[in-house]
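Asker: Each chain is listed here by its residues.
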Amino acid sequence: MTAHKQKDLFPGALEMMILQSLKQQRLHGYALVQHIKRTSNDLLRVEEGSLYPALQRMLKAGWVKAQWSVSASGRRVRLYELTAAGARHLDREVSSFERMLEGIRLVLSPVKS
Amino acid sequence: MNWIKQLLSRRQLDRDLREEIQEHLDESIEELVAGGMSRDDATRAARRAFGNITRTRDRSRDVWRWRAVEDFFVDVHFALRQLRKSPTFALASVLTLALGIGANTAIFSVVNAVILRPLPYPDPDRLVSVQSRDTRGTPHPAALSYPTFFDFRRDNDVFEHIASFRDTQLSLTGSGRPVRLRGAIVSWDLFAVLKTAPALGRGFLPHEEEAGARVVVLSHGLWSTRYGGDPDIVGRAITLNREAYTVVGVAPAGFNFPALSDTVDLWTTLALDATSATQRGSRMLNAIARLRPGVTVEQAQTHMDAVAAALVERYPDQNKSIASTYVRPMLDRLVGDTREPFLVLLGAVGLILLIACANIASLLLARMTERAREFALRAAIGAGQGRLVRQLVTESLTLSLIACTAGVLTAIGLLRWALPLAGDSVPRILQSNVDGRVLIFSIALAVLTGILVSVAPALRLARVDVVDPLKAGARTSTDTSGGLRSTLVVAQIALCLVLLCGATLLVASFLNLVGRDLGFQPERLLTFSLNLPGAEYPAARQHDFYDRLLERLQSLPDVTAAAVARPLPLTGSQMTISFNIEQRPTPPWERPSSNMAIVSPGYFKAIGTPLLEGRALTEQDDAARPPVLVVNRAFADKFFPGDEIVGKRIEPGASLNEGGTTMREIVGIVDSVRQSPLSSEEEPIYYFAYRQLPWCCPSVVVRTSASPLAIESSLRAVVESMDAQLPIYDVRTAEDLLSTGIAGPRFLTTLFASFAALALLLTAVGLYGVIAYSVARRTREMGVRIALGASRATVLAMVLKKAMFLVVMGIGVGLVGTLAGAQLVAKMLYGVAPHEPRLLVLACSVVTITAAVAAYLPARRAATIDPMQALRSE
Numbered sequence: 001m002t003a004h005k006q007k008d009l010f011p012g013a014l015e016m017m018i019l020q021s022l023k024q025q026r027l028h029g030y031a032l033v034q035h036i037k038r039t040s041n042d043l044l045r046v047e048e049g050s051l052y053p054a055l056q057r058m059l060k061a062g063w064v065k066a067q068w069s070v071s072a073s074g075r076r077v078r079l080y081e082l083t084a085a086g087a088r089h090l091d092r093e094v095s096s097f098e099r100m101l102e103g104i105r106l107v108l109s110p111v112k113s
Numbered sequence: 114m115n116w117i118k119q120l121l122s123r124r125q126l127d128r129d130l131r132e133e134i135q136e137h138l139d140e141s142i143e144e145l146v147a148g149g150m151s152r153d154d155a156t157r158a159a160r161r162a163f164g165n166i167t168r169t170r171d172r173s174r175d176v177w178r179w180r181a182v183e184d185f186f187v188d189v190h191f192a193l194r195q196l197r198k199s200p201t202f203a204l205a206s207v208l209t210l211a212l213g214i215g216a217n218t219a220i221f222s223v224v225n226a227v228i229l230r231p232l233p234y235p236d237p238d239r240l241v242s243v244q245s246r247d248t249r250g251t252p253h254p255a256a257l258s259y260p261t262f263f264d265f266r267r268d269n270d271v272f273e274h275i276a277s278f279r280d281t282q283l284s285l286t287g288s289g290r291p292v293r294l295r296g297a298i299v300s301w302d303l304f305a306v307l308k309t310a311p312a313l314g315r316g317f318l319p320h321e322e323e324a325g326a327r328v329v330v331l332s333h334g335l336w337s338t339r340y341g342g343d344p345d346i347v348g349r350a351i352t353l354n355r356e357a358y359t360v361v362g363v364a365p366a367g368f369n370f371p372a373l374s375d376t377v378d379l380w381t382t383l384a385l386d387a388t389s390a391t392q393r394g395s396r397m398l399n400a401i402a403r404l405r406p407g408v409t410v411e412q413a414q415t416h417m418d419a420v421a422a423a424l425v426e427r428y429p430d431q432n433k434s435i436a437s438t439y440v441r442p443m444l445d446r447l448v449g450d451t452r453e454p455f456l457v458l459l460g461a462v463g464l465i466l467l468i469a470c471a472n473i474a475s476l477l478l479a480r481m482t483e484r485a486r487e488f489a490l491r492a493a494i495g496a497g498q499g500r501l502v503r504q505l506v507t508e509s510l511t512l513s514l515i516a517c518t519a520g521v522l523t524a525i526g527l528l529r530w531a532l533p534l535a536g537d538s539v540p541r542i543l544q545s546n547v548d549g550r551v552l553i554f555s556i557a558l559a560v561l562t563g564i565l566v567s568v569a570p571a572l573r574l575a576r577v578d579v580v581d582p583l584k585a586g587a588r589t590s591t592d593t594s595g596g597l598r599s600t601l602v603v604a605q606i607a608l609c610l611v612l613l614c615g616a617t618l619l620v621a622s623f624l625n626l627v628g629r630d631l632g633f634q635p636e637r638l639l640t641f642s643l644n645l646p647g648a649e650y651p652a653a654r655q656h657d658f659y660d661r662l663l664e665r666l667q668s669l670p671d672v673t674a675a676a677v678a679r680p681l682p683l684t685g686s687q688m689t690i691s692f693n694i695e696q697r698p699t700p701p702w703e704r705p706s707s708n709m710a711i712v713s714p715g716y717f718k719a720i721g722t723p724l725l726e727g728r729a730l731t732e733q734d735d736a737a738r739p740p741v742l743v744v745n746r747a748f749a750d751k752f753f754p755g756d757e758i759v760g761k762r763i764e765p766g767a768s769l770n771e772g773g774t775t776m777r778e779i780v781g782i783v784d785s786v787r788q789s790p791l792s793s794e795e796e797p798i799y800y801f802a803y804r805q806l807p808w809c810c811p812s813v814v815v816r817t818s819a820s821p822l823a824i825e826s827s828l829r830a831v832v833e834s835m836d837a838q839l840p841i842y843d844v845r846t847a848e849d850l851l852s853t854g855i856a857g858p859r860f861l862t863t864l865f866a867s868f869a870a871l872a873l874l875l876t877a878v879g880l881y882g883v884i885a886y887s888v889a890r891r892t893r894e895m896g897v898r899i900a901l902g903a904s905r906a907t908v909l910a911m912v913l914k915k916a917m918f919l920v921v922m923g924i925g926v927g928l929v930g931t932l933a934g935a936q937l938v939a940k941m942l943y944g945v946a947p948h949e950p951r952l953l954v955l956a957c958s959v960v961t962i963t964a965a966v967a968a969y970l971p972a973r974r975a976a977t978i979d980p981m982q983a984l985r986s987e
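Going down the list, the protein sequences come from chains A and B. Quick note: the first sequence, position 14, residue 14 per the numbering used here, numbers continuous. Counting the second sequence from 1 gives a position; the numbering used here is that position plus 113.
It is worth saying that the hints were derived from the structure and are not from the lab. None of the values given here were measured: they were computed from a predicted structure. Note that beta-carbon positions come from the ideal geometry of N, C-alpha and C, so glycine has one too. Keep in mind that a hint or two might mislead.
Unchecked claim - Just a few of them, taken from the derived set where beta-carbon distance is under 8 Å, the chain A residues facing chain B:
| no. | residue |
| --- | --- |
| 1 | G29 |
| 2 | R78 |
| 3 | E81 |
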């Protein structure tokens, strides 16, 4: 997904994807990009220009916390970890997203059928 | 305080971010290199994929920024740079605003100290004053008598406690020189009313009100200075007025009552007033009460009115004229009278600040024109109109906050200069200082000012196309601010005229006050007081003492006359007694009343008051002879209008002799001596011969042939030789009494006049600025006119005409304001009508002349423009 396409996506989608990725494991920025790309079967590509501001926003909101560490490949990385508040936020966002999706689906379905 | 932590850790955040992004890039490059790309290509590709690194970093950082505030600081920084670039503008505007804010801060700190600060006791808003409402003449608040006070205390159920108090003088003897102390005679529960516990010992007990009890609570100050803070003072006896008093307590430090400014040295119980405690007609008490929880002032008022009305049934003769009460917050009672003049002063300084604001707004408008290119440039590179306005407001705020600092300093200076003028004419005024509340006021005012002065420039910014000036060769004189600036000047002139009219009225009134006939000759007249203790000086010995004192004083080399009197003129101290006129007897509650005085026969000669009719008092008017009175002209005019008064007899109401009241014959009329320096009318007064009353006069007047204060030491010596234990106090010249008496109006008038002068100056500067600026802008036009043959006089007239148009407009608006506002000062005027046309004309003339001078200077410059130079100037 390109930058402008991403803008078309509803606000909070990027955060939701980051939080969801961090739910399973601690990741650093580069790995996050790769993770989202991989799990979306290359459908979504996170722009670094959006990723880092988003991470800072989430740090500030207390949804994630960051820690410097050394990766398996011996590289210094800043690992992000989901906090309890972040997990709660993710749950709320996912359920509201699902409701929205359901709504959209219902609106669209008569046309399809 | 999370944001502080954020500010502090900002640097760390920035480092982390920078490193993190670098690592991200490195990792992408490694990956690409591992995929077979050359390192250079990989670096380029990674960067391309990442996008704008700086922007990403900025946007990430933005998350942590406190944006509005940081923009503000950037703007402030910029504003300061702008101010540094034009120091003249900066200095002029800071100075102008500092004067405006300073004057406001100073007056507000006085208002704060005098009116706003609560009384210095716990739960001060539950304290009320209780007075009688005297319906003889215009209903007015009146003091209570002891019997009425006792009735109020017993019959009310709205007060937790109600305490009586009155001032007294006591001489302390025993160790060292005798000293005269200021005391208060109070009912036992005063400290309970004030919810104040003595620092040492206890307050009074109920039984200590009984006749014969002599107990005292010392002030903290007296205890520490006179008794060295002796912790064992409680229980000891001290000698006051030649009697032994037991010290039962010491008040806490800083405690003062009832005075708000002067210090009271000690408190004793009303046992001292045992003789007057049964006289229902002797009204000399104040009362302070604490409301019971849940009781409002209004409820207390209603209740006390009922109590007072019930008393009329029982004591119709004495209480019929006081069938209701005044119950009001104690603070109101103490400072209520000062509210109006101070609010007027506050209004005056408010107007000054507005005038100052108009000047600054005008300057800013002029600068806007000069800075048109700068604004255009900023607009061109993307600043929105909102952002530009914010920049303008920030610049003004920077200016006004700098001025605020200078203003607070100005205020402190102003207070230091002005407070001594007020002396103790206003309660608590000497406690005026710049405290937290004043600072907040001052800063709020500065912020308001900053916003106010940006309004005109912002309006202008909104009106003109900011990009226009950028166009090559665009002339910078496409100035549309002239109208706005002219409006500001008109407003200034109007405000200035209002202030000037007020000042003219006050000054005229003050001159009236000072120039009034006092009814006596105050030059070279010394007064002092002493207090013969009743215990050692029964009536006969008192008269004897005064006779000998006067004799010895008169034998002093520089003394030409001496007399005793009570009360002294110009002190405002009053004793009022009602009387019955022999020819027209009335029931007690309808009797007229008037001030009275007790004097020795030589009094009128000593103070220089002429006898107008009949005879003066003589040495022969003593207890053995028929009782006589001398009255003043105002008394004769008021109570015997158009009638022959000498030979008439009246019967003063209070029982002045053991044998009850007596008819007294009026034997003479003297000129009206001014007893209260500020009363607007001559006060009626009747004089008793001191030998015909059982009690007399603690004050002495001495007429000297040389400087009166030079004899102070010799008269002290005289008194000391007669009774070494007798302190004399309040040694003052009559001129000094007058000066003290008129301190209030003098303070008000001086301040108001200074403020009006300041307003005039600011207005003149404002007008000058506008005219000078318009002349400068029209240099070319003037040059053309002169080149085409216009005479210099024509040009001069043209410029002056514009100025005078503004002045006339301003005066018109100002006069409307003055006529509307004059009522505000009406109550403060002595012998001047608030719409006195001559004074209004005077004020208008001053404004016009000042304006003419301010406009003439630039007009002359316009007239002397060299046409050739003017045409070449662009």
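Asker: Each hint: holds or not?
Answerer: Status of the hints after comparison with the structure:
With its C-beta approaching chain B no nearer than about 5 Å, G29/A sits inside the 8 Å limit, and its interface hint holds. Restraint check, R78/A versus chain B: the minimum CB separation of about 5 Å is within 8 Å; hint holds. Annotation: E81/A was flagged as interfacial toward chain B, and the flag is violated, the nearest CB pair being 15 Å apart, outside 8 Å.
This entry does not satisfy hint 3, going by the numbered hints stated previously; all others are met.
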